[in-house]
Each structure stands twice: as C-alpha cells, then as structure tokens.
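Visitor: If you read the sequences in order, they're chains A and B. So in this note's numbering, spot 20 of the first sequence is number 20, and the numbers just go up one at a time. So in this note's numbering, spot 42 of the second sequence is number 1042, and the numbers just go up one at a time.
Hint data in this document are derived by calculation from the structure and do not stem from the laboratory. If a hint is listed, it holds; no wrong ones were tucked in.
To spell it out: a stretch of chain A is covered by chain B in this simulated footprint if at least three of its residues, at any positions, have a beta carbon under 8 Å from a beta carbon of chain B; those stretches are:
| no. | stretch |
| --- | --- |
| 1 | 38-45 |
| 2 | 95-102 |
Selected chain B positions facing chain A (in silico; Cβ < 8 Å):
| no. | residue |
| --- | --- |
| 3 | 1041 |
| 4 | 1042 |
| 5 | 1043 |
| 6 | 1045 |
| 7 | 1048 |
| 8 | 1055 |
| 9 | 1090 |
| 10 | 1100 |
| 11 | 1102 |
| 12 | 1103 |
| 13 | 1106 |
| 14 | 1107 |
Where a beta carbon is used, it is the ideal one built from N, C-alpha and C, also for glycine.
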Amino acid sequence: GQNIDQPTEMTATEGAIVQINCTYQTSGFNGLFWYQQHAGEAPTFLSYNVLDGLEEKGRFSSFLSRSKGYSYLLLKELQMKDSASYLCAVRDRTGTYKYIFGTGTRLKVLA
Amino acid sequence: KAGVTQTPRYLIKTRGQQVTLSCSPISGHRSVSWYQQTPGQGLQFLFEYFSETQRNKGNFPGRFSGRQFSNSRSEMNVSTLELGDSALYLCASSLTSSRYSPLHFGNGTRLTVT
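Sequences and hints are given; from them, build the entire structure.
Guide: Following this line, the structure appears as structure tokens:
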C-alpha cells in the first residue's frame, strides 16, 4: 500500500538545527516534496528530491534515500517564523500521477 | 503573478445541504487538484483535473464531485453534507500533470457542517 510517516510534533530552540524525518512506502515513487504550512495559511513548496542525496536551499536542506524509503528536512539557524507544520509528500505514478501527503510535523520554535 | 484563489474562504452549512467551492489556478497552470485537510487525517486527495478531464480520483464517496472549465478554473461540489465533511478544502494548481511540477496551494475554504 501507500503510507507516509512523520513525527506529529517537534520543539526546538531559536538558532538551533532541527531534522524532521519522513518514511514512506509506495510502489511508484516519482519524487518527494516538502511543504511548509503556517497556521491558517496555504502550504508552500519548500523542496523536491527525486534522486538520492542532499538538496540544499539556504537554511533548508532535504535528503532522500530511495532504497530506505526515507527523507529528512533539515532546518538550520532556526527562527521564530519557522514555527509551522512541515508536510512530507510523495508523488506516486501508480496508474496516473498523484501526491500522497503525510499528516505533517508541527514544529514549535522557542526563544 | 496572482496565486491560486479559492472562494469562499468560509462556509457554514447544515447537514443534507449541498455546497460548491471555486478555485482559480495560477495563470497558465492547467492542472488543478483538490484536497481535504483535517487535523487527524492530514491532506487527503480528492481529485485532479487537467484540460477539463478528471485524471485521478481519491477514495471519497460519490457525493464529492468536481469539474474544470476551459479557462482551467475548477469547482468542487459536495452534496448531502454530513458532519464529517467539516474540513479545510484546499485547491492546488501546477503547470503540468506529470514529472516535477510542484503544487501551488490556495488558502482554502473552511467548511463547517452543523
């Protein structure tokens, strides 16, 4: 079947580094996406991995291991504005393309 | 460039009624998909439209339907509303329906069924 798991909540301190893990099971993997969603707002695209390895984009990096069905989002130099939910999504090509989302990780950044 | 626009932002309906939600994608985007977001379930895929054709459908009952117009605008309809339909309904558009094409979400319509 298709399944995505990520922690429900995490807490970290301003200026620190936090890693949000995501594991997935899908038969037609076609890319992994990370989205950020502030409370009451739309999810916004953060990063995309289709090949194994690390993709870096400023303070945000995302890693993928297809053989392990595993990804993580790394946030460096945490700021208060990073308090949000982080959604892991897999693009699946079984049949026609569709996205499968995890339930999201709510990150609280403390001063 | 204007983002994805969803109307209305908030809706309150009673059980048994029906509701229509609207979504205008980013200009040039031909793929529009709909998601239901609830605290316990996260984002659940409803359906996707591309060039006025439904390309994919999630595991929702037939009370949930949608369509896409020639200008790529999309509507979603829910008939015979149930209390469990209370959720945030998100529309997302993308440039194409395949390969790498991230989703761009609207702010959603918050539906409350009483």
